[in-house]
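Trainee: If you want the building blocks of each chain, they are given just below.
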Amino acid sequence: GENVEQHPSTLSVQEGDSAVIKCTYSDSASNYFPWYKQELGKRPQLIIDIRSNVGEKKDQRIAVTLNKTAKHFSLHITETQPEDSAVYFCAAAGFQKLVFGTGTRLLVSP
Amino acid sequence: KAGVTQTPRYLIKTRGQQVTLSCSPISGHRSVSWYQQTPGQGLQFLFEYFSETQRNKGNFPGRFSGRQFSNSRSEMNVSTLELGDSALYLCASSLDREAFFGQGTRLTVV
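Top to bottom, those sequences are chains A and B. The opening residue of the first sequence carries number 1 in the numbering used here; numbering runs sequentially from there. The opening residue of the second sequence carries number 1 in the numbering used here; numbering runs sequentially from there.
There's no promise every hint is true.
As the list claims (entries may be wrong) - Every beta carbon over 10 Å from chain A, so not counted as near; a handful from chain B, in silico:
1. Arg63
2. Ala87
3. Phe101
Said to hold, decoys possible - Subject to a maximum C-alpha distance of 25 Å in a straight line, what follows is the list of computed SDA-like cross-link-like pairs (lysine to any residue):
4. Lys57/A to Asp96/B
5. Lys57/B to Leu88/B
6. Lys42/A to Lys71/A
7. Lys71/A to Arg97/B
8. Lys13/B to Ser86/B
9. Lys42/A to Gly16/B
10. Lys97/A to Gly58/B
11. Lys71/A to Gln41/B
12. Lys97/A to Val109/B
13. Lys37/A to Pro39/B
Please keep in mind that the hints were generated in silico from the structure rather than gathered at the bench. Glycine included, C-beta positions come from ideal geometry on N, C-alpha and C.
Take these sequences, add in the hints, and give me the full structure.
Mentor: Below you can see the structure in the form of structure tokens.
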């Protein structure tokens, strides 16, 4: 079955810096790759997703890139702000089931 | 429209007992998935139901079971509780690919 690895597990940056989180997946049939943000004590919420027919998608300060050949995808956050501090989860899905990575705790220091 | 609702929010049970958690999806969503979240383990997939049928199942023991009703509401049951079952249990409903999470049920087994 699908296996998703996520790195790093923790990431500390200064406000204004960029942050990059990387994920790899194992099932070449996966074609949907969402990213979720979970703030402390809250539910995970979708922040951006990408489907396999595109290589990059951008939404303001957030972008996701996908390399289907290498089976990896990345989340890029530019001009980080303290409110970006949270746990970020990547996920991959083929036909139906979403498989999540183990999460990255991002800490943005003022 | 109303989001995904999980009840109860908090539960304390003793080892050996059983527990039933409930999830009401967003109106119109027929898919409901359940996840176990523990520190350091990310979101572990339990099972997915679609139109009252279990469509996918994760690698959890048979003590974990679920069902879905005709109105798409879902329940999950854990029998013979163990200390290691203490976790946040999240359900997510989806119409297409995007999963919307509930706030979760925090289960503590003592």
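Trainee: Each hint: holds or not?
Mentor: Hints, verified against the model:
no. : hint                : in the structure
1   : Arg63               : holds, 21 Å
2   : Ala87               : holds, 14 Å
3   : Phe101              : violated, 4 Å
4   : Lys57/A to Asp96/B  : holds, 19 Å
5   : Lys57/B to Leu88/B  : holds, 18 Å
6   : Lys42/A to Lys71/A  : violated, 30 Å
7   : Lys71/A to Arg97/B  : holds, 19 Å
8   : Lys13/B to Ser86/B  : holds, 9 Å
9   : Lys42/A to Gly16/B  : violated, 29 Å
10  : Lys97/A to Gly58/B  : holds, 9 Å
11  : Lys71/A to Gln41/B  : holds, 22 Å
12  : Lys97/A to Val109/B : violated, 28 Å
13  : Lys37/A to Pro39/B  : holds, 15 Å
Hints 3, 6, 9 and 12 from the earlier list are contradicted by this structure; the remaining hints agree with it.
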